[in-house]
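Number of protein chains: 2
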Amino acid sequence: MKLASLGEDAIVARLTRGIAPGAGVRIGIGDDCAVVGGKRDAVWRLLKTDALVEGIHFLPDSPAPWIGWKAMARPVSDMAAMGGLPEYALVTIAIAPEAEMKRLQGIYSGIKRAARRFGVKVAGGEMSRSPGPLFLSIALTGTVERERCVTRAGGRAGDFLYVTGRLGGSLKGRHLRFVPRVEEARWLTESFSIRAMMDLSDGLGSDLPRLAKAGGAGFRIDRLPCASGCSARQAISDGEDYELLFALRPKDGPRLEAAWKERFPRLKLTRIGQLTPRGQTHLARGHDHFAQPR
Amino acid sequence: MKLASLGEDAIVARLTRGIAPGAGVRIGIGDDCAVVGGKRDAVWRLLKTDALVEGIHFLPDSPAPWIGWKAMARPVSDMAAMGGLPEYALVTIAIAPEAEMKRLQGIYSGIKRAARRFGVKVAGGEMSRSPGPLFLSIALTGTVERERCVTRAGGRAGDFLYVTGRLGGSLKGRHLRFVPRVEEARWLTESFSIRAMMDLSDGLGSDLPRLAKAGGAGFRIDRLPCASGCSARQAISDGEDYELLFALRPKDGPRLEAAWKERFPRLKLTRIGQLTPRGQTHLARGHDHFAQPR
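Going down the list, the protein sequences come from chains A and B. Residues in the first sequence are numbered consecutively from 1, following my numbering. Residues in the second sequence are numbered consecutively from 295, following my numbering.
Hints listed in this document are in silico derivations from the structure and should not be mistaken for laboratory results. Honestly, I wouldn't trust all of these hints.
[To be verified] Cut-off 30 angstroms, straight-line C-alpha distance, at most; resulting in silico cross-link-like pairs (DSSO-like, lysine-lysine):
#1 A:Lys213 to B:Lys396
#2 B:Lys296 to B:Lys507
#3 A:Lys102 to B:Lys507
#4 A:Lys2 to B:Lys396
With the hints as extra help, turn the sequences into a complete structure.
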């Protein structure tokens, strides 16, 4: 059977069958990051790898420094989504011998800039020849206080659903230049009991059903923060927004909304809807394609 | 300037210029693994990524389970070379949508087998489409007792040089099916003061000059443990031996050689030569290509 005829989730489920989580693995396959550490450790470690493939995640003419920025920013965004902070990075590049040194240096300058911005220490890496497209992968370790670690799975029916920023249209450039919501996520987990959180990488239409399902819930969408010039459809399915999606007990809603405006006056926060009892997924008018997440 | 006209070491040197090691990075770019931790921590953490590219590190018709085995065994071998043990792994695969699920499952079965054998817990990973060759990367964390951590850089003129096993001819199959020398390396660092160590991945002809240079030394080769049917030239330059190369004070030599025979009677250990004062690199007759490591 060809991979193309299965979905990514189905492929992963088949491949990882028989992999026991193993001692020390607090959160394994299926969340934004793997979490390891002792049950009672005050600080847990986060592990994440994220890869960019030329022609899929960037184009041959994408500006080299932004390719490097994106390669680092994506796993940093995943750590933010767990409530954590990045620490050490290893950089893997597979590249054609005919490639220009200048391009590689440009990519690295973007990696280094993002590393400085988010406090990541580049501790090593590896380079390989490749007869194919440029491949760039960053393995990142990080930390999160046990008390502040947020998974995708904690949401329950009734929780309010929030999204930071605006969604859709990322291919115009934001997919390369986005700023991971580290500061916002740290503030959220410090000040509030966030029940579930993830970053929107595949688009709300794919990611929200995952968050709801992980918590054994359905969901209802009331409104969407569409990026300028974007339709609701784009906001749902373009993907690569790298905004935070999170769930919060309704009673904490008013305090959060007021505090957010004070703390992040320039970043929109939208209550998009609610988690509902399992099986009761309601769609805003016109968003039928939610029924079949791509 | 094209990458092909520079060497790997020169490319890495240019790219990583300006990357300060950063707090907590005990050993950064340039050794088998990155080592992180506090100066006085009893146990340090090891970080390593290693990638296989189809057409470079394996062929389209290589048996899938052995591709997976190799992908895991290579970074495990790097951890062994530091005196450490692997702990958690993340698996990254980029693969064409037209690929067969069966092949991917075969690769994963090899990864899981190697993980069980070496006590590695697979904590997560990532999958991506690729329009090019199959790309498989494993990011591995591990641990090493500070007192037992061995780098490439500790060798000094006069030290004996040892190699485990036999060298050359790995392309006949051993490059896929090798067993990383974890047990041997752990025994060595427990029982002896190993001054410098690395695993032979690029071949003795490339790797020994690196180990000597890292310690500010030259080297002299007296003998080589050639694999059956292999010439000295092959033993030096075929690469992918994944044997241990290490340096030891001469006074410890006799005790090591006797104890090794008792502990590992079925694995050859060869004293191949000595480190010499810097600039005094002597070559066994007929190995002129040592002068120009590829």
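Q) Any hints this thing doesn't respect? Which numbers, in order? A) Hints that this structure does not satisfy do not exist here, as all of them hold.
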